[in-house]
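**Q** Top line first, the protein sequences correspond to chains A and B. So the working numbering is basically just the index in the first sequence, starting at one, shifted up by 1. So the working numbering is basically just the index in the second sequence, starting at one, shifted up by 1.
It should be emphasised that the hints constitute simulated quantities derived from the structure, not laboratory data. Do not rely on the hints blindly, as some may be mistaken.
As the list claims (entries may be wrong) - Below, in silico cross-link-like pairs of lysine-lysine (DSSO-like), each with a Cα-Cα straight-line distance of 30 Å or less:
id, chain 1, residue 1, chain 2, residue 2
1, A, LYS176, B, LYS209
2, A, LYS233, B, LYS218
3, B, LYS95, B, LYS105
4, B, LYS218, A, LYS176
5, A, LYS233, A, LYS218
6, B, LYS95, A, LYS209
7, B, LYS176, B, LYS209
8, B, LYS233, A, LYS218
9, B, LYS137, B, LYS176
10, A, LYS176, B, LYS105
11, A, LYS176, B, LYS137
12, B, LYS233, A, LYS137
13, B, LYS137, B, LYS209
14, B, LYS319, B, LYS105
Claimed, not checked - Away from chain B, derived, C-beta distances all over 10 Å, residues of chain A:
id, residue
15, VAL52
16, ALA168
17, GLY235
18, GLN242
19, ASP256
20, GLU298
No residue lacks a Cβ here, since even glycine has one placed at the ideal position from N, Cα and C.
Number of protein chains: 2
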Amino acid sequence: MKVITLLLAALLFATRGLAAESLPSWNDTAARQSIIAFVDRVTMPDSPDFVAPPERIAVFDNDGCLWAEQPMYFQAIFIFDRIRQLAPQHPEWKDQEPFASVLKGDIKAALAGGEHALLEMAMATHAGMTTEEFEKTVTDWLATARHPTTGRPYTEMVYQPMLELLAYLRANGFKTFIVSGGGIEFMRPWTERVYGVPPEQVVGSSIKTRYEVRGGKAVLLRLPELNFIDDKAGKPVGIQQHIGRRPIMAFGNSDGDFQMLEWTTSGSGPRFGLLVHHTDSVREWAYDRESHVGRLEQGLDEAETRGWVIVSMKDDWKRVFAFE
Amino acid sequence: MKVITLLLAALLFATRGLAAESLPSWNDTAARQSIIAFVDRVTMPDSPDFVAPPERIAVFDNDGCLWAEQPMYFQAIFIFDRIRQLAPQHPEWKDQEPFASVLKGDIKAALAGGEHALLEMAMATHAGMTTEEFEKTVTDWLATARHPTTGRPYTEMVYQPMLELLAYLRANGFKTFIVSGGGIEFMRPWTERVYGVPPEQVVGSSIKTRYEVRGGKAVLLRLPELNFIDDKAGKPVGIQQHIGRRPIMAFGNSDGDFQMLEWTTSGSGPRFGLLVHHTDSVREWAYDRESHVGRLEQGLDEAETRGWVIVSMKDDWKRVFAFE
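All chains should be modelled from the sequences, with the hints used to inform the complete structure.
**A** What follows is the structure, encoded as structure tokens:
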């Protein structure tokens, strides 16, 4: 056992040596410094605020926090692409809203029906197949779909500074989770490869499934019925359901993340909350209080009082995307 | 990076050396051999059936598989103890079934109302408090409650061979999960300490919660409303919801685990299913087809056809409990 202890100690030392060079895509502003100071505070063995590794839980929103969300949520684009793809099997969609508008290319009209219309389209494209079949549609879509303005695969529309942050936290003994309003099974097929976050550390919105045995093979059939909405006050609920302990760090970008940051930072002991503010109209997009996606208002108003860090993408990040 | 790779390789080698001495509380029968053969088959780098570490997911039932479940589920005993404890605040229970029978010490009469009565008692004792308050009631109860026949704390009523199996699998790169019909928040306060399974790797039955801010502090209030029953066909659903990939090993002991084993072993590639059969009336209890808890019938009938391993506690285990 002594050999193992020595090896582990050496490994730990080697890892800690990397910390000085971490977060290279962050400017050395107050935001970067506050992250490093917090991580030092909870990981240095002699710190009065030392937190044991199992309690080092960090949660990240996905849309607008780890990857982009403009000109609209990427999952919405997936839904519209799937409707076009499935249209030959649904001749009735030609005369049926909101599908008819999608097929005519009029997304604005398709979304005129609000949440109800979006939900109807989500169910038509996300249910009625097994979990394994759905995973394949996501993987196939990502392999060929391209972002409308950058022409890049969606999995390249991820923020380089946030990838570095995920890796930096893991190197410091944190377990990193995604807690997103997006569909849990829409994210799982690629989060391990892109973010280093395995499927079992992804929390998201979901529909119900039913267990069935088909020709000797067990499957889970996806049903057109909502199971859970992982947004706003649903995020702390989803965190408790999946993780079972209160995180000590939370990262978001919109008012949909407000309660997740509130839940995280109102626990006892050292806590850290951070909101990514989309301020860079050149390298990314600039939006906040009036945006149709990722609306950020309450968070901006209350961050200072609550001690949350606001990251300005324009000022705090050297680079936004890896492909720049 | 080269140094880290070398250290990791050395660590891996040191760990593998421990495998020969693992599972010391198992007799060297076919059951033990089948476990070791399977683990070698999926972990040896030159094996044609090698499984990458992230896919090495093993799921374990709790009641009757990791700890005992006689004379009744320990969570039921917790419920009855809580009813006695809360009775002063509920004078109406004196005349109200099933509570009145519990207070008179007549558990059989209390359970006469079947599932409905049990659910009513569960809600009365598990809801109406925050998640943190509930965690404290579980921790406090475990600190003083003693098993009616052995006089041991419930957390000592765990099977030594299964503790060794959990550790052996983790030493071989497996991630171990509990997937139990029991309450998820009833297990989480102690599974890390007792089994080495952290809260985020526990799947179980649950009630709904509501997010609230009380005097500046965010809490989750437990509601008297079922959220999910993690039993039978619910187990594969719970596994997909929490883990998001099909396990390659599953361990159970009752027909409540049948679908979990079926889901696990009907996937492609190497798969392993095992049922603990309670055959030891001296060191533990002997029961199967006719039992009121942990009924095992379909599993016994179909194990051979399905290639599942049956462990006889009497014949395959040198020791059942650590305190023997």
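**Q** Each of the hints needs a verdict: does it hold here or not?
**A** Tested hints:
1. A:LYS176 x B:LYS209: It holds: about 25 Å lies between the C-alpha atoms, which stays within 30 Å.
2. A:LYS233 x B:LYS218: 16 Å, holds
3. B:LYS95 x B:LYS105: Holds, because 9 Å separates the two Cα atoms, which is no more than 30 Å.
4. B:LYS218 x A:LYS176: Holds, because 24 Å separates the two Cα atoms, which is no more than 30 Å.
5. A:LYS233 x A:LYS218: Given pair LYS233 (chain A), LYS218 (chain A) is violated - Cα atoms ~38 Å apart, limit 30 Å.
6. B:LYS95 x A:LYS209: 40 Å, violated
7. B:LYS176 x B:LYS209: 27 Å, holds
8. B:LYS233 x A:LYS218: 16 Å, holds
9. B:LYS137 x B:LYS176: 27 Å, holds
10. A:LYS176 x B:LYS105: This hinted pair is violated, its Cα atoms lying about 48 Å apart.
11. A:LYS176 x B:LYS137: 24 Å, holds
12. B:LYS233 x A:LYS137: OK: LYS233 (chain B) and LYS137 (chain A) at ~27 Å, within 30 Å.
13. B:LYS137 x B:LYS209: The given pair, whose Cα atoms are some 18 Å apart, holds under the 30 Å limit.
14. B:LYS319 x B:LYS105: 41 Å, violated
15. VAL52: At roughly 14 Å from the nearest Cβ of chain B, VAL52 (chain A) sits farther out than 10 Å, so the non-interface label holds.
16. ALA168: Label holds. Min Cβ-Cβ 13 Å, cutoff 10 Å.
17. GLY235: With a cut-off of 10 Å, GLY235 (chain A) comes too close to chain B, as the shortest Cβ separation is near 8 Å.
18. GLN242: Per Cβ check, GLN242 (chain A) is inside 10 Å of chain B; nearest 7 Å; violated.
19. ASP256: Given a closest Cβ separation of 14 Å, the condition holds.
20. GLU298: GLU298 (chain A) clear of chain B: closest Cβ-Cβ about 18 Å, beyond 10 Å.
Hints 5, 6, 10, 14, 17 and 18, counting from the list given before, are not met by this structure.
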